[in-house]
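Asker: All chains should be built: construct the whole structure from the sequences, respecting the hints.
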Amino acid sequence: MNILTIIRDGLRRRKIRSILAIAGIAIAAAALYSLVALKEGYESGMRSEIENMGAQIIAVAKGCPYEAVAVIMIGGQVPATLPQSVTDDIRKIPNVISASPNVYGAYQYLNLSHPVIGMEKNELDAKPWWKIQGRFPEGENEVLLGSVEAAVFSEKSGEYRKIGDVITVIVSGKKVALTVVGILGATGSKDDYSTFTNLATAQKILNLKGRVVSVSVRVRDIGKIPDTIAGIEKIPDVQAVTVAQVMGTIQNLVKAAQTMLFTVMIIALIIGGIGTMNTMMMSIFERTREIGLMKATGASTGQIFKLFFTEGLAISFIGGVLGLAAGAAASLGGDVILRSIVSVMPTTSVGKISPLAVGLALMFPVGIGALSALYPAVRAARLNPIEALHNE
Amino acid sequence: MLKLNNVTKIYSRGSEHVHAVRDLSLEIAQGDYVGVVGPSGSGKSTLMNMIGLLDAPTAGDVFIADRRVTDLDGRQLNRLRRETIGFIFQQFLLIPTMTALQNVMLPLYFAGAADAKQKAMVLLRRVGLEKRAEHLPSQMSGGEMQRTAIARALANKPRILLADEPTGNLDSKTADDIYSLFSEINREGTTIVMVTHNQDLASTFPRKITMRDGRLEKNEKQ
Chain A
1 MNILTIIRDG LRRRKIRSIL AIAGIAIAAA ALYSLVALKE GYESGMRSEI ENMGAQIIAV
61 AKGCPYEAVA VIMIGGQVPA TLPQSVTDDI RKIPNVISAS PNVYGAYQYL NLSHPVIGME
121 KNELDAKPWW KIQGRFPEGE NEVLLGSVEA AVFSEKSGEY RKIGDVITVI VSGKKVALTV
181 VGILGATGSK DDYSTFTNLA TAQKILNLKG RVVSVSVRVR DIGKIPDTIA GIEKIPDVQA
241 VTVAQVMGTI QNLVKAAQTM LFTVMIIALI IGGIGTMNTM MMSIFERTRE IGLMKATGAS
301 TGQIFKLFFT EGLAISFIGG VLGLAAGAAA SLGGDVILRS IVSVMPTTSV GKISPLAVGL
361 ALMFPVGIGA LSALYPAVRA ARLNPIEALH NE
Chain B
393 MLKLNNVTKI YSRGSEHVHA VRDLSLEIAQ GDYVGVVGPS GSGKSTLMNM IGLLDAPTAG
453 DVFIADRRVT DLDGRQLNRL RRETIGFIFQ QFLLIPTMTA LQNVMLPLYF AGAADAKQKA
513 MVLLRRVGLE KRAEHLPSQM SGGEMQRTAI ARALANKPRI LLADEPTGNL DSKTADDIYS
573 LFSEINREGT TIVMVTHNQD LASTFPRKIT MRDGRLEKNE KQ
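Chains as they are written, first to last, in this note's numbering: chain A, 1 to 392; chain B, 393 to 614.
Calculated directly from the structure, the hints in this document are not laboratory data. Among these hints, one or two may not hold up.
What the hints assert, rightly or not - Pairwise CB distance ranges (calculated):
(1) B:A421 <-> A:K306: 31 to 41 Å
(2) B:E609 <-> A:L4: 23 to 33 Å
(3) B:G581 <-> A:G359: 54 to 64 Å
(4) B:D563 <-> A:I270: 51 to 61 Å
(5) A:R12 <-> B:Q422: 38 to 48 Å
(6) A:V378 <-> B:S432: 28 to 38 Å
(7) B:S564 <-> A:F285: 32 to 42 Å
(8) A:R12 <-> B:R517: 34 to 44 Å
(9) B:T462 <-> A:V378: 25 to 35 Å
(10) A:I270 <-> B:K565: 55 to 65 Å
Yeah, the Cβ is synthetic: ideal placement off N, Cα and C, and Gly gets one too.
Answerer: Here's what the structure looks like:
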């Protein structure tokens, strides 16, 4: 018999109390884990998304630039468009390496809406990481499918099997036949869920002839971006935002959500801590006579303290580990939930296992559990054996 | 073995002072078997607590195994108590989450004794409970629980057993068995001091002490 068997048997034979105490800690650990993991996953996901965009500046029609950018990032109805000639105007501005006009829209297929993006072939230069199987869709009604779209279509549509097959989609109520001429290798970004075509085809099927939704601009010198933006905004009805600004705005929104989540987490930890403390206190009150007896049978103050403090640690640690497991599961679920709430989400799952989250989720609840166990353990150790023995 | 010289114990509750024990002197030799009787509030428990080193006298001296208790610090008291005294209570006070064996092992664990399990098994056999070793207190009868408690009290080979109404919660048949066990233990040389309400029983002990109002009223050898 050693201290651990004493504690293990004690916890096992006092099931309900042990389960309640462990659950209190586990909830706090789970909350902490999922919050940290989601935050980490979100930030790293968004960062890679920014890098994948390639451009530093996006020019759109005057209006709310963030609305336009949100449409670019997640698809949807475009609020306003620009004449295609703007692209050439932008290309003449100093410091501009490339200006890529884009058209965004969606088509219906297999009863689902799929984003479609129109682009010029030379935009491929800005996306060196793209690996195309087949070729770029230069011809009329030719398309390039993102890897996930291609996989889903070949599995479910029946009419599409391989490059060269034709799919019949619906755009604004009209049937359109599109020929798949290429498949984009997995990028780990939203591109995997998109369909690409040349600018002319996109303009035709989306009823946007001669118009573009945005122009993505790459610059030579990042330090001169303010001048470049000023140059772009001299063109009538055009405004420009930097990708960094857009991301900053999105991240601020996320930060606000995080502050709220952080508050929830603190509350969870406090409740978990108070719960543990309460459980430990109750457990000591219940066992006052046992403690008196232990003292009468020769237990020293230090031994009693060690026994009860270790029990508190054990509860906290078990709770922490269980909470971690629950938190890992919850953050995968949280990814799904967040996707339904936050409109701008990285394509990669934000619920991946993060060492930081694991560390925090173990250290904090265990630390709080240890603190909560400290006072009751000191109290137990200091009990007067006579009073303890006569406690009813 | 055990000596009290003019011992007084006063409990203070606010401005009220209670003389639990007044000027009591008493000597108990090794191997004595002493019954302590007296009405409630007569100071029996206070006397037992002082002998058991759980409480210190307000005045006077307590000697246990030739050591003056008032000279010892908490750590030394704890050690002396562990090595010299075994306690037995009316309510058995077994740890409910521990098996009989574990309960008996507990004092050995606190003492850091080697071979605790073997020693505890020997003790359980001594009180006739080897078959109950893996039972929890809730699975045992009152008599079995008290036997376990006696085995536990004997764990560190104490020279004195202090029993506070050890049969108060048992039927008379079981109580008789427990008394025989105590007699056996006493015959092997262990000093026993037992508080009881049972005057008839106390009269059968080799020595009977009667307490009244914190004083030693009678000290009879039979």
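Asker: All the hints need checking, so say for each whether the structure fits it.
Answerer: Right, here's what the structure says about each hint:
no. : hint                          : result
1   : B:A421 <-> A:K306: 31 to 41 Å : holds, 38 Å
2   : B:E609 <-> A:L4: 23 to 33 Å   : violated, 51 Å
3   : B:G581 <-> A:G359: 54 to 64 Å : holds, 60 Å
4   : B:D563 <-> A:I270: 51 to 61 Å : holds, 52 Å
5   : A:R12 <-> B:Q422: 38 to 48 Å  : holds, 43 Å
6   : A:V378 <-> B:S432: 28 to 38 Å : holds, 34 Å
7   : B:S564 <-> A:F285: 32 to 42 Å : holds, 35 Å
8   : A:R12 <-> B:R517: 34 to 44 Å  : violated, 27 Å
9   : B:T462 <-> A:V378: 25 to 35 Å : holds, 27 Å
10  : A:I270 <-> B:K565: 55 to 65 Å : holds, 56 Å
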